[in-house]
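Enquirer: Letter by letter, the chains look like this.
4 protein chains.
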Amino acid sequence: MTVSPFDHPILGGLLGDEEMKPSFAAEADGAAMLAFEAALARAQAAAGLIPSEAVGAIAAACAALRPDIAQLRSGMTRDGVPVPALVTALRAAVGQPHAAHIHFGATSQDAIDTALVLRLKPVLGVIDRRLAHLSEQLAGLAAREGHRIVMGRTRMQDALLIPLAHRIASWREPLVAHREHLAMLQPRLLVLQLGGAVGTLDKFGGKGGDVARAMASELGLTPPEAPWHTSRHRIVEFAGLLSLITGSLGKMGQDIALMAQTPVREVSLRTGGGSSAMPHKSNPVRAEALVTLARFNATLVGGVHQALVHENERSGAAWTLEWMLLPQMVMAAGASLRLAAELLRDLDFQTQ
Amino acid sequence: MTVSPFDHPILGGLLGDEEMKPSFAAEADGAAMLAFEAALARAQAAAGLIPSEAVGAIAAACAALRPDIAQLRSGMTRDGVPVPALVTALRAAVGQPHAAHIHFGATSQDAIDTALVLRLKPVLGVIDRRLAHLSEQLAGLAAREGHRIVMGRTRMQDALLIPLAHRIASWREPLVAHREHLAMLQPRLLVLQLGGAVGTLDKFGGKGGDVARAMASELGLTPPEAPWHTSRHRIVEFAGLLSLITGSLGKMGQDIALMAQTPVREVSLRTGGGSSAMPHKSNPVRAEALVTLARFNATLVGGVHQALVHENERSGAAWTLEWMLLPQMVMAAGASLRLAAELLRDLDFQTQ
Amino acid sequence: MTVSPFDHPILGGLLGDEEMKPSFAAEADGAAMLAFEAALARAQAAAGLIPSEAVGAIAAACAALRPDIAQLRSGMTRDGVPVPALVTALRAAVGQPHAAHIHFGATSQDAIDTALVLRLKPVLGVIDRRLAHLSEQLAGLAAREGHRIVMGRTRMQDALLIPLAHRIASWREPLVAHREHLAMLQPRLLVLQLGGAVGTLDKFGGKGGDVARAMASELGLTPPEAPWHTSRHRIVEFAGLLSLITGSLGKMGQDIALMAQTPVREVSLRTGGGSSAMPHKSNPVRAEALVTLARFNATLVGGVHQALVHENERSGAAWTLEWMLLPQMVMAAGASLRLAAELLRDLDFQTQ
Amino acid sequence: MTVSPFDHPILGGLLGDEEMKPSFAAEADGAAMLAFEAALARAQAAAGLIPSEAVGAIAAACAALRPDIAQLRSGMTRDGVPVPALVTALRAAVGQPHAAHIHFGATSQDAIDTALVLRLKPVLGVIDRRLAHLSEQLAGLAAREGHRIVMGRTRMQDALLIPLAHRIASWREPLVAHREHLAMLQPRLLVLQLGGAVGTLDKFGGKGGDVARAMASELGLTPPEAPWHTSRHRIVEFAGLLSLITGSLGKMGQDIALMAQTPVREVSLRTGGGSSAMPHKSNPVRAEALVTLARFNATLVGGVHQALVHENERSGAAWTLEWMLLPQMVMAAGASLRLAAELLRDLDFQTQ
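Chains as they are written, first to last, in my numbering: chain L, 206 to 557; chain G, 206 to 557; chain U, 206 to 557; chain H, 206 to 557.
Read the hints as simulated data drawn from the structure, not as lab findings. Values in this document were obtained by computation on a predicted structure and should not be read as measured data. It is possible that part of the hints are untrue.
One copy or two, it doesn't matter: identical chains are merged, so the pair holds either way.
Said to hold, decoys possible - Cut-off 35 angstroms, straight-line C-alpha distance, at most; resulting in silico cross-link-like pairs (DSBU-like, lysine-lysine): (1) Lys486 <-> Lys408; (2) Lys226 <-> Lys326; (3) Lys326 <-> Lys408; (4) Lys326 <-> Lys486; (5) Lys412 <-> Lys486; (6) Lys326 <-> Lys412.
I would like the entire structure built from these sequences, with the hints used as guidance.
Expert: Quick look at the structure:
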């Protein structure tokens with residue numbers, strides 16, 4: 206019963222991505238926020254901000270708690286964030302006397318933003334691996350089929366004959382560049398967020414930096430130079446990269462759909478889609494979907510840029526907009542990378 | 206386990222809409238496509254295009270069939286549309302000798318586009334009702350509280366005192382206009398689609414018009430003057446209206462968030478959202494969400510316009526893009542209308 | 206020395222539109238604002254709000270004044286609107302004792318918004334005329350060439366043969382619908398704006414409605430039911446219509462570019478564009494430009510929707526955004542309509 | 206007589222940028238394309254591809270020619286690019302026997318794309334310098350005024366008091382990051398384009414690489430690893446950076462507009478904008494314009510991403526879309542950087 210194409214029971218078969226999806230499950234979000242709370246308690250105890258006796262109970266509860274999703278949902282409805290409800294549940298689980306030391310000096314955004322980058326970490330790994338795989342596939346395709354001569358076309362008109370290797374190289378080059386971009390971005394993106402109520406770490410008695418470094422180390426994140434709660438440019442750069450990836454694959458999809466046109470037939474698809482009216486057809490479904498996903502992310506990326514305009518120390522409006530767009534852009538990039546690999550395996554150049 | 210904010214187990218508490226959601230369930234889609242197939246068989250039998258003996262079996266199967274979602278999903282993955290898989294299942298359910306008369310002369314797009322408008326019909330009813338309700342709420346609010354004097358502000362600076370009624374009227378006027386727009390659009394939007402493989406109704410032996418009219422009458426839709434499979438302007442106009450609605454409510458939300466600022470306090474919220482760091486706060490969560498949803502739909506509407514560029518008689522790329530965006534825009538409009546009504550009930554002007 | 210493709214000395218040859226351009230000249234803006242000031246003075250004198258003796262001098266100055274553009278520019282830089290500088294210049298031209306009665310009770314937005322709709326009036330006429338002309342061209346084309354058989358194509362694959370008339374009809378139908386939409390929108394769009402400082406007509410002593418009706422009658426505009434300074438939905442609906450027009454023509458351009466592909470050659474272009482590298486080529490420049498303009502307006506329309514979110518009684522930020530986008534969308538629609546007519550004249554179906 | 210806000214005789218006072226504008230003048234474009242042609246001739250002569258005797262005449266003509274803009278305009282109208290007309294004019298200027306060696310083996314896109322990056326070079330210098338200047342301004346502001354205590358605000362509600370230095374630091378940090386991003390991007394963006402008709406350098410007899418390296422060295426550009434005519438990701442990344450810059454400054458503008466609200470008055474503006482209705486007002490015009498420019502670029506950036514989807518070896522449609530959007534995004538970033546510096550000089554914190 207879902208609106209999203211990525212989660213849709215039917216559409217998800219084409220547009221979903223099973224490997225990306227778990228990062229955006231409510232359970233993953235809850236678990237990542239609890240990992241934040243446990244790391245916070247450990248680091249604060251080490252810094253002498255909370256009693257060390259509290260750590261065991263808090264960490265154990267963070268590990269054991271399976272938050273009641275209905276409770277988080279109603280907290281979300283009321284507060285615009287699920288963290289107050291989660292902290293309430295965690296405090297109940299820990300009980301006295303340690304409950305008061307949970308979430309000390311932190312704010313909802315610390316938990317949510319840190320949980321976001323924790324969940325993006327495996328996502329970045331999947332993207333990197335798939336980009337590498339596609340580059341290899343394309344290199345292999347060029348080696349096997351690149352000697353073929355196809356028509357070079359400019360402005361939708363035949364121009365000069367070119368080796369197929371040339372066109373394949375134009376598909377591959379951006380993917381290599383995107384992988385390098387991702388590697389450069391990763392340490393700047395996967396940064397712990399810790400700021401407290403208004404970003405000043407006011408309850409940390411000057412030990413905010415130590416706590417943040419210890420937490421980052423435990424969670425495998427980059428320690429922050431400063432809180433980034435209102436400074437979303439790394440998120441937006443990541444969204445831009447996701448749309449670059451889908452755009453580059455959309456160009457490849459567009460090329461393949463054009464090459465597979467009946468009167469062109471420079472390539473055919475081994476398992477093209479069928480039609481309910483014309484069973485003989487072989488539709489380039491995946492190639493078209495690559496174009497769709499490119500235009501989808503090109504649409505959403507503008508909204509993520511709109512979300513740069515936070516008001517003062519936190520904008521509920523801008524932040525929520527980011528939540529509505531970024532996970533979908535990740536899923537679209539994931540689906541596009543998956544479909545591209547399937548499409549390349551499906552290409553048949555024998556028909557020429 | 207969902208990516209979409211509207212379906213999300215947690216976020217959905219703020220951004221979902223229980224009344225809109227059923228229209229976008231996979232089950233509703235399947236049922237609407239089967240309603241199309243049944244109406245097609247009836248109308249074709251009446252026109253002598255298929256044997257009348259087939260109608261009973263086909264209609265009964267359409268009413269009884271609960272399509273296997275996994276099967277539709279794998280059909281979707283393969284064909285880019287679930288219709289071939291659905292027709293296969295339906296033919297199996299009907300069996301010989303009538304199976305061959307199912308989906309006769311129709312194409313996937315006929316079933317999918319008609320199913321879309323069938324599911325939009327209740328959606329339009331909900332939007333209309335909620336717009337009417339909001340107009341009444343605002344009229345009531347103006348009657349009760351409109352005598353109060355608030356500061357008129359231009360370019361974020363105090364200008365002149367105005368009666369609150371004046372600002373409330375500026376919130377209400379667009380909603381009345383949007384309701385009129387919806388009423389004008391409805392008969393042009395809720396139009397049966399029937400074109401066959403390439404939109405020429407080539408297997409209908411000149412009786413396509415009769416069949417379409419009979420089907421439209423049965424299904425409560427406007428009969429088409431021509432197939433609209435590549436002519437998406439009514440869909441795009443509807444998407445524009447959805448974004449106008451969220452935009453107008455976003456303006457109201459922005460105003461209320463500005464009026465509720467601590468040093469302004471022209472209004473307070475009875476049940477503002479809490480903070481994990483500052484329990485005393487009362488955050489204007491719903492007002493901010495109205496801004497978010499306005500910017501969300503303003504982002505997506507551009508993508509729906511991109512989807513106008515179909516290629517020839519059907520574009521898989523453009524059509525799929527529409528599927529990815531339109532349901533989300535409907536949900537955002539639904540959530541916005543719901544939140545606006547809740548927000549208005551939550552306003553407290555006594556604090557002045 | 207221009208950034209805009211529409212004004213660009215070189216690009217303007219392809220993307221400009223000489224008939225639309227004058228509406229967006231600084232001189233036209235100045236003249237329209239002066240027409241507003243003259244009509245205001247006349248109507249206010251008739252209502253007894255200013256002395257009738259002042260009208261002659263004010264109207265004469267409004268007719269004669271050629272505002273110093275440099276002065277308006279520096280006023281714009283300082284005030285964010287050119288109206289204070291214009292009113293200062295107008296007062297200097299009128300001199301004592303009547304200068305004090307200029308712009309009485311009005312605000313910058315009254316002059317600017319009314320000047321906008323005054324300048325849109327001829328624009329709407331051009332669009333209507335061109336839509337009508339294109340519909341006729343397409344009807345003529347269908348009559349002359351519609352009997353030809355071309356390949357119907359779905360999802361970029363050959364499907365079934367269709368008469369060319371069928372494809373031409375799919376290009377024509379949206380244009381007829383857009384023209385009807387324009388006719389319905391025109392009276393709601395071309396509405397006088399008059400609100401005074403914060404939209405309450407506070408200096409009009411209850412005669413604001415009379416003044417507005419008299420002004421609207423003189424200026425050939427619809428009298429307002431209420432000021433629309435923060436209620437931009439009609440502007441946004443118009444922007445949506447502009448993008449619907451470019452989108453529908455973009456679909457036609459895409460089709461023609463696909464039909465003109467060398468291995469398809471269902472149509473050729475009598476005067477296709479040349480290449481610096483391959484003089485033999487005949488590039489479908491205008492057909493491609495139709496796609497470009499469709500995607501351009503589909504991009505900008507989202508920004509106009511973002512501009513719905515005004516703050517309180519006037520948002521400098523949102524209003525300025527509208528100014529940056531709407532004229533470009535009009536120009537894109539103008540260029541698209543012009544190019545479409547040229548393209549249709551350029552089509553040659555003999556090559557089949 | 207211009208549509209563009211950046212070139213507009215009146216609006217340009219607020220939104221234009223005199224230092225950026227020359228890069229987008231038609232004359233600059235012509236000069237840069239001629240610099241490309243001269244460098245091409247020199248490098249091809251050195252590689253033995255054209256006679257060395259031709260170089261002097263070609264280079265002299267490239268230096269002396271002031272292309273007839275009307276001729277380029279009509280070439281643009283016909284060909285969709287001005288290069289064939291420019292080459293014709295250049296050949297006429299050079300005359301026989303050397304004319305034939307002009308533009309040898311090159312294509313329009315080689316000249317246009319290389320001319321683009323040549324003109325972006327000074328643009329990048331201006332952006333870098335202004336980012337550096339703004340960072341210094343903000344550091345100075347923090348040093349002078351940072352000790353003041355202002356209200357920290359989250360979700361539009363008062364939260365905790367913070368030192369002003371904290372908010373200023375949140376404005377400064379992104380600018381430092383954007384400057385680093387620009388430095389990393391510059392060598393990847395300012396890359397010579399040379400590919401010939403379809404990107405294969407087919408007339409260069411294996412010496413394409415040598416020619417490209419020599420040309421890049423002469424023109425101060427990065428030599429290409431491969432032609433990038435259909436690989437626009439660096440352009441799109443640059444557009445993304447432009448929108449990140451305007452977005453970060455938009456956040457600062459939004460903050461200042463909120464801080465300058467009458468009932469907040471944490472800052473006032475020494476030279477705020479005047480109103481035609483309320484002369485006492487001091488409107489935060491520049492702060493609002495920063496928000497406008499942020500939302501403008503956030504709108505356009507999506508269109509640049511759409512333009513990634515080139516067809517085959519050159520897309521007239523996608524490429525032209527890039528031309529329509531990128532210069533405007535540069536101008537918006539330029540205006541935003543200029544306005545931000547002016548705004549910071551205009552802030553007065555004494556009013557607290």
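Enquirer: Return the numbers of the hints above that this structure violates; sort them in rising order.
Expert: Violated hints: none at all, because every hint is consistent with the structure.
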